[in-house]
Amino acid sequence: MDSRNNLFRFNLAQLKFPKSQKLRSFGVYLAGILFAVGFWSMIDASVYSKTVNASTIHITFVDWIPFICSTIGMMIVNSIEKSNLLNDPNSSSFLSTGSGNAWAARVILFLGFSLLAGGLAGSFMVFILKFLMKKVGFPTLGMGVSNIVCNSCVMFSCIILWLSQNIEDEYSYSLAL
Amino acid sequence: MNPLNKIIFLSAFLASGFLLILLSCALFNNYKPLWVIFIFLVAPLPNILANTIESTRDDFLTFSNDHGSNPSQLQELCKYITGTLIVSGVSLPIVFYHCHLIEVGSMLMSIIGGLIVYVDIIIFIWFFSEEEEENDDFNF
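Heads up: the sequence lines are chains Y and Z, in that order. The numbering used here applies: residue 36 is where the first sequence begins, and numbers increase by one. The numbering used here applies: residue -7 is where the second sequence begins, and numbers increase by one.
Keep in mind that the hints were calculated from the coordinates and are not lab data. Just so you know, not all the hints are guaranteed correct.
[Unchecked claim] Capping the alpha-carbon separation at 25 Å, the derived lysine to aspartate or glutamate pairs in DMTMM-like fashion look like this: (1) K117(Y) with E46(Z); (2) K85(Y) with E95(Z); (3) K57(Y) with E116(Y); (4) K57(Y) with E46(Z).
[Stated by the list, open to error] Take a look, some chain Y residues computed to stay more than 10 Å from chain Z by CB distance: (5) S90; (6) N136; (7) R141; (8) L144.
[Stated by the list, open to error] Label pairs and their computed distance ranges (CB to CB): (9) N21(Z) with S149(Y): 47 to 53 Å; (10) K85(Y) with S47(Z): 41 to 47 Å; (11) N(-6)(Z) with F61(Y): 32 to 38 Å; (12) T95(Y) with L41(Z): 33 to 39 Å; (13) S55(Y) with S47(Z): 19 to 25 Å; (14) E116(Y) with F30(Z): 34 to 40 Å; (15) T91(Y) with N21(Z): 30 to 36 Å; (16) F173(Y) with A4(Z): 41 to 47 Å; (17) K117(Y) with L19(Z): 50 to 56 Å; (18) W118(Z) with V97(Y): 45 to 51 Å.
As the structure is a prediction and not an experimental result, all values here were calculated from the model. Think of the CB as a built atom: it goes at the ideal place given N, C-alpha and C, for glycine as much as any other residue.
I would like the entire structure built from these sequences, with the hints used as guidance.
See the structure below:
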């Protein structure tokens, strides 16, 4: 066995994503579908709170804050040009004054992922503080559950969009001047 | 199948979709599911616009004539929007039903009718685009 300069035994670079254009567009569609599922579950909770809600707990702006955080995080994460992240592998020291803006891309990407994780954590916080602590029954509890479903769907949508944007077609090449 | 038969068949199909949505509103005297028609009519638009923009873009500087196999960012954004719009069209009646704003029959009829309208538009585009260029991948 040849000497490898990896840190771990398992080399994740050997795990290749399937390269297909169909799979890529399917992933993009699936990401959109998941985002819409999350959005409509939140809409469902707020319309339910307005119409047939028999309890005193209502959906207010506080419940929407995790969704807004997740959405902003998703937009940040997926609008970063990914070639910026890897362009200087040698000068990997943080805040290196060398070439490129890789550190800026990494900081912004970190901000985006923290917004996503903060959105998911915030939905759990709203669920616990607003619904579980008051010991309400299930039709009212469903509004908190849909908040968690919403933020999880946005997070999965972001993950799938990220993965499917990294699928490159093996046989496509563009001769750019 | 010649194009005239296709058009007649598809228009009858489309009319049945509209009929289902209108019945879902009129039978229950509740005109909230009418928004489904609007959503499913808008749903094919992003892909049509993106493909039109990409096919008319001047690709002289970058010799990338592989529009089908290498989609641009705009096309992917439009695919994403298409996915959200389809789910919106399906989930709007479900939300209405869950909040006791419409009946269950109205929900089923508006969902089926909306999907018929959408599929009809897609089949229409697919039928008449495969005559021009023999590609087998259908954009939906």
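Structure-based check of each hint:
Straight-line distance between C-alpha atoms of K117(Y) and E46(Z) comes to about 22 Å, which keeps the hinted pair within the 25 Å bound. A threshold of 25 Å between alpha carbons decides the hint, and for K85(Y) with E95(Z) the separation of about 18 Å falls inside it, so the pair holds. Using a Cα cut-off of 25 Å, the hinted pair K57(Y) and E116(Y) holds, with the two alpha carbons roughly 22 Å apart. With a CA separation close to 18 Å, the supplied pair K57(Y) and E46(Z) stays within the 25 Å bound.
Once the 10 Å rule is applied to beta carbons, S90(Y) is consistent with being away from chain Z; the minimum gap is 15 Å. For N136(Y), the condition that its CB be more than 10 Å from all CB atoms of chain Z holds, with the nearest at approximately 20 Å. Every beta carbon of chain Z lies more than 10 Å from that of R141(Y), the smallest distance being close to 21 Å; the non-interface claim holds. The claim that L144(Y) lies off the interface holds: its Cβ sits roughly 18 Å from the closest Cβ of chain Z, which is beyond the 10 Å cut-off.
With their beta carbons about 50 Å apart, N21(Z) and S149(Y) fall inside the hinted range of 47 to 53 Å. The hint said 41 to 47 Å for the Cβ distance between K85(Y) and S47(Z), and at roughly 45 Å that hint holds. The hint said 32 to 38 Å for the Cβ distance between N(-6)(Z) and F61(Y), and at roughly 33 Å that hint holds. Judged by the Cβ atoms, the range 33 to 39 Å given for T95(Y) and L41(Z) holds: they are separated by roughly 37 Å.
A hinted range of 19 to 25 Å for the beta carbons of S55(Y) and S47(Z) is consistent with their spacing of about 22 Å. Distance hint check for E116(Y) and F30(Z): the Cβ-Cβ separation is about 35 Å, which falls inside the suggested range of 34 to 40 Å. Separation of T91(Y) from N21(Z) is about 32 Å and conforms to the stated range, judged on CB atoms against 30 to 36 Å. Hint check: F173(Y) to A4(Z), Cβ distance near 45 Å, so the stated range 41 to 47 Å holds.
Between K117(Y) and L19(Z) the beta carbons are some 52 Å apart, a value that agrees with the proposed interval 50 to 56 Å. Against the hinted window of 45 to 51 Å, the Cβ-Cβ separation of W118(Z) and V97(Y) comes to about 46 Å, which satisfies the hint.
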